[in-house]
Amino acid sequence: MKKNIMKVNLSKDAKYNLITIAAIIVVYAMCQIMIAAGMMSYLMKGLLVPFCYYSILAVSLNLTVGILGELSLGQAGFMCIGAFASAFFSKCTINLIPNTFIRFTLAIFVGALAAAIFGMFIGVAVLRLRGDYLAIVTLAFGEIIKNVLNTIFVGYDSKGFHFSLKDAASLKLQGDGTLIINGPQGITSTPQDTNFTVSTLLLIATFIIVANLINSRSGRAIMAIRDNRIAAEAMGIDVTKFRILAFTITAALAGVAGVLYAHNISSLNATPKNFGYNMSIMILVFVVLGGIGNIRGSIIASVILTLLPEYLRFLQDYRMLIYAIVLIIMMILNWNPTCIAWRKKYSLGSIFRKKTQGEV
Amino acid sequence: MSFLSYLIKGISLGSVYSIIALGYTMVYGIAKMLNFAHGDVIMVGGFVIYTLMSLAGINPLISVLAAIVICTLLGVTIEGIAYRPLRKASSLAVLITAIGVSYFLQNVALLVYGSNPKSFTSVINVPALKLADGKLTITGETLVTIPLCIIIMVILNLFIKKSKVGRSMIAVSEDKDAAVLMGVNVNKTIAITFAIGSALAGVASALMFSTYPNLSSTSGAMPGIKAFVAAVFGGIGSIPGAMIGGVLLGIIQILSSAYISTQLADAIVFLILILVLLIKPTGIMGKKLHEKV
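So the protein sequences, as listed, match chains A and B.
According to the numbering used here, the first sequence holds residues 292 to 651 in order.
According to the numbering used here, the second sequence holds residues 19 to 311 in order.
Some hints could be false.
What the hints assert, rightly or not - BS3-like, lysine-lysine: derived pairs with alpha carbons at most 30 angstroms apart:
{"hint": "1", "chain 1": "A", "residue 1": "564", "chain 2": "B", "residue 2": "50"}
{"hint": "2", "chain 1": "A", "residue 1": "635", "chain 2": "B", "residue 2": "194"}
{"hint": "3", "chain 1": "B", "residue 1": "106", "chain 2": "B", "residue 2": "194"}
As the list claims (entries may be wrong) - Here's a subset of chain B near chain A, in silico, CB distances under 8 angstroms, partners left out:
{"hint": "4", "residue": "52"}
{"hint": "5", "residue": "111"}
{"hint": "6", "residue": "119"}
{"hint": "7", "residue": "246"}
Simulated from the structure, these hints should not be mistaken for lab results.
The beta-carbon is built from N, C-alpha and C at its ideal position, and this holds for glycine as well.
Whenever a hint applies, use it, and build me the whole structure from the sequences.
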């Protein structure tokens, strides 16, 4: 009997993760059935891929915010790098590699790698920084990326690549040349390789990577740094290495989300709306409302909060106002000591517990 | 000569940034929270002046005073409703609440005034100063902005160092629990801090929109972020740091957009911020943190 309990305890994390993956697969299957039966609206179909990339962004940000315990506001910047690097790659190789599967797989790796390099760079840069200073540097980084990408012009012709910071004309492309990155217009007509299946697979992969990391030696080291950096250092944990590791993985996964984003829309450009700090903040809201450090919560919050504004459309102009009010009320209900005490007193669970106690 | 005029323009913009940054830095020093909604308070101030002056035809000075009063009340109300219940919550929860307040203010403005940007009429009616045979022109806005900022800084410094309320602010920012034991009313002190910060935002709205007259529901967000950067740049929590950070930021922004690239000006500002923080992790005037084991 005792052995049995031990067994359950040991596999609790694995069980929890398996249930989450199974739930993702069930939802995926349900969506596919609904599409096949023609029961899904056009709006919902368009939201399926965003669900996945927002979830990937939230899960990966949770690694920095929840597990490493550092506030990062640069998630949109990493996503932006992944999106541009992979779209650039796909545009260049569209004639070279006709097979969509191989090209897109490579594009995913290119996007993840590019974002990872920047993530590592930021991880090294913020080594001496803590808390809000770190947050502002990541925010600044995201804004720099967005700004710089708006001024870059890259073209390709028989003589090779041309690069300019001024305008498309100064590239001096030959007649056979193509313009790849067109400054503020960004990259147009990227092959639309993303679909719901690939996105779901990548979401599951992200989940497995982050969940495994948390349950590994490295993950425990990262959590030790979060709880007490000095104590962790004294125990022989290489704080520098694990902080950079967490930043790099977060960035790489955000890059993957960027790849999905870039290959889901026809024209990719860096605007304040999609890659600005507001986007990073939105992802942070997903993470905080889903529960800091809770990966499953991140996915659920991403889906609900992406869906909520769409379902509030009937409120028209008032919908973002309602969203803001909901956000404030939820935070107060979750964190105010009086509200927490009130919830404990009147929640269903406590009423049930009281009854059983009374019976005993 | 053109360099000098850019420099003056930069100092003028920087002075506005430092007034906004003061609001950030004081609130951070005392409540240990990033008030993301601060930029949107400026936007509200801008709309109040616009409504009173351009739509109702009221005297500019009275409109500005009304904007300062409304911003002050707004700041205190926000603190009381949204931030006070979360005094003991994690800093992330407070940050998200501040973001919620920011969305709220932006969307209220959007509902009331619509999405078309409004053109703000300058509240400052001072003729431009022409120097060196008309080669160097200093606008009336600049002539008012820079001295006004200096006056505000001096008064604020005196207020914090000499008055009882000001010293209780310092006490709360240094050690909240000890301040309570010494009989400081923490809630009242924090409310006063928000009131001062928001009143400064009201002043900043009049100055900023007089120089940059594009007024829409999101036009407070970017100056807010920039001022926040300025506050971090100078060392967040430090009042002289906010002034220096703000002025430096304004100069860097104007000079880099004049000589390097208009599009890259923001990127350069942020890049210099990162470089400064790499060398001095707590900002220019920031105190070095001693970590206790």
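Tell me, in ascending order, the numbers of any earlier hints that this structure violates.
Hints that this structure does not satisfy do not exist here, as all of them hold.
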